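Participant: This is what each chain is made of:
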Amino acid sequence: MERRAHYRNRVLPWLLIAPQLILVLVFFYWPTSQALYWAFTLEQAWGGGNEWVGFDNFMGVFGDGRYWSTVGRSAVYAAAATGISMGIALVLALFVDRGLKGTKIFQSVFIWPYALAAPVVGVAFRFIFSPQAGMIGSLNRIWPGIWDPATNGLHALIMVIISHAWLSIGYNFVFFLAALQMIPRSIAEAGAMDGARPARRMLDLQLPLIAPTTFFLLIMNIISTFTDSFGLIDTMTEGGPIGSTEVMVYKIYYDGFKSLDYSGAAAQSIVLMLIVITLTFVQFKWVERRIHYT
Amino acid sequence: MTAISIRNVKKRYGKADIIHGVDLEIQAGEFIVILGPSGCGKSTLLRMIAGLEEITAGEIAIEDRVVNQLEPRERGCAMVFQNYALYPHMTVAGNIGYALKVAGMAKPQREERVLKVAQSVGLEALLARRPGELSGGQRQRVAMARAMVREPKVFLFDEPFSNLDAKLRVAMRGEVRRLHRQLGVTSIFVTHDQTEAMTLADRLVIMNGGHVEQVGKPAEIYNRPVSRFVADFIGSPAMNLLEGEFDAEGHFVHGQGGRIAVSSLNGHRVPGRKIVLGIRPEAVKRTIGPQIGTIPGIVDYVEELGGSRLIHAEVNGNRLVALDTDTEELSSGTPVHFTFDDALHAFSIEDGKRIDIHPA
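Protein chains in written order, with the numbering used here: chain A, 1 to 294; chain B, 1001 to 1360.
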């Protein structure tokens, strides 16, 4: 049976999809087309319009050692932030799922951080990780220099990664908890009758059964580290010290708006966009083939 | 030898009492069926034996060892769940062998044992499949094989056939009976299906509202129900239960002045004494025309059962069901006459307890 409505009026359907269509056109296709235009052209030195340069901008980007170290840093950032966030979220979800006391409260509490905007979190964590104040301040007084994100690049990167992980724990927690609660209780009981202790049941029964959700979250988290990291980095470190927290998205912003290299930044945008599209594509393919348990 | 002792076991959820003190002794190798309406606490009792529910009060001992504080894995029970609870991401072999894997058995021995058990329930060709690719009956077999592979001291069945169609249910019933004969393992089977209960049980436990109403062999319970509840619950079609009192001549008077001559119940036929009289539909016979002592009634409707039929009749304002093997056309409104074998049951009207109809 065909399950679709047919409109006699030819204008009405367009009007109905117009809001969404306009949003996508204005905020995605138009900027993307601009980026494509800039990526394949170069503004002439003394003005006078852009000139077509083919893949020169991309060659320039790929030939730049600093770009590759940014890519490497982004990969580390993605792996670490995703790993920490998903790991902690999973542990929290497992505890809440086991129905310990106060489960209802924790369910809400763990979700709240997700409602915060990245720059807000960035500012908050700047204070929390400030080397002069608070707990870390007293640690620094005992062992001077043990924590100084303002001058130590590694410390700065760790700080940003932890902030990013903290921000996304809530999101991951909600999905993990929903997935765990979809598993019939009797499966865990059958495992208990078969002699498996809680930890064993988690490894053998719960984790395999939530694998589809885990994969979905993995992709979403990696994408988020590529795109959402901007707000955090801009408020916390501005890519510093000496570029040690400069990830791909921040370098695009910096090269484009600070160094005014529109073409180079546009080329990097296209590369980042292709990475995200690929990840999204992998995600969709997986969802299609995803195993449905009965 | 006593396999399982249940001593004054209670279960409370918050303020709700689910089980109010159950006592039960189960002998080794017995097949016990716990039967009761939904919500009577039968599954909860089973789960307390398994270790999946905490015991609020009382004691459960398996082979003379109190297991109240033991984890399910330490109790030596295996369970077949209502919805099978198979591991969907494991193959049939993986499902059956999981307990052995957890116990740390080496792979070659494990595979050998899995194969042996699979053969005993006819699953050897399906070992590489996943539960999602199996039919209901096959899943049921996997669940049983998974319970058998551990060679447990006790089998627990929690309404295992409730998701199967009628025909498959009968077949699985036979299978369970056969396996029990072969293995001789003490088994507790929870169900709300009385046919299942009657055919499987060595001894039957009837539960109602968190109490054990009666324990006994199926025939014993059928022939001598200890309470009005058991009388009403066991037997299909259900027993006719008529409330009434004895008149000055010792006749039982019910409904709108219907009189029934009763020869048993000596010493109880005191004028004015109120009781509940129970007559099984199969004990009620239709007579041709009125005779002395017959009960007149009007046919309400007839249920065809194929080989026999049930006559639902109105008798002095009460409903009487008779099992009839005749084929004479009986339409609604036809007057009929009943008599009955003297296999009567009588219950106290106050507490529903059985009144002995043949006192010494």
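FYI, nobody ran anything at the bench for these hints, they're computed from the structure. On a predicted model such as this, the values are computed, not experimentally measured, just so you know. Misleading hints may appear alongside valid ones.
[Unchecked claim] Here are the computed lysine-lysine pairs in the DSSO-like style, where the Cα-Cα straight-line distance is at most 30 Å:
| hint | chain 1 | residue 1 | chain 2 | residue 2 |
| --- | --- | --- | --- | --- |
| 1 | B | Lys1015 | A | Lys104 |
| 2 | B | Lys1101 | B | Lys1167 |
| 3 | A | Lys104 | B | Lys1010 |
| 4 | B | Lys1010 | B | Lys1217 |
Participant: The structure should be examined with respect to each hint, and the outcome stated for every one.
Facilitator: The hints, checked one at a time:
{"no.": "1", "hint": "B:Lys1015 - A:Lys104", "result": "holds, 21 Å"}
{"no.": "2", "hint": "B:Lys1101 - B:Lys1167", "result": "violated, 35 Å"}
{"no.": "3", "hint": "A:Lys104 - B:Lys1010", "result": "holds, 28 Å"}
{"no.": "4", "hint": "B:Lys1010 - B:Lys1217", "result": "holds, 25 Å"}
Figure legend: structure checked against the earlier numbered hints; the only hint not met is number 2.
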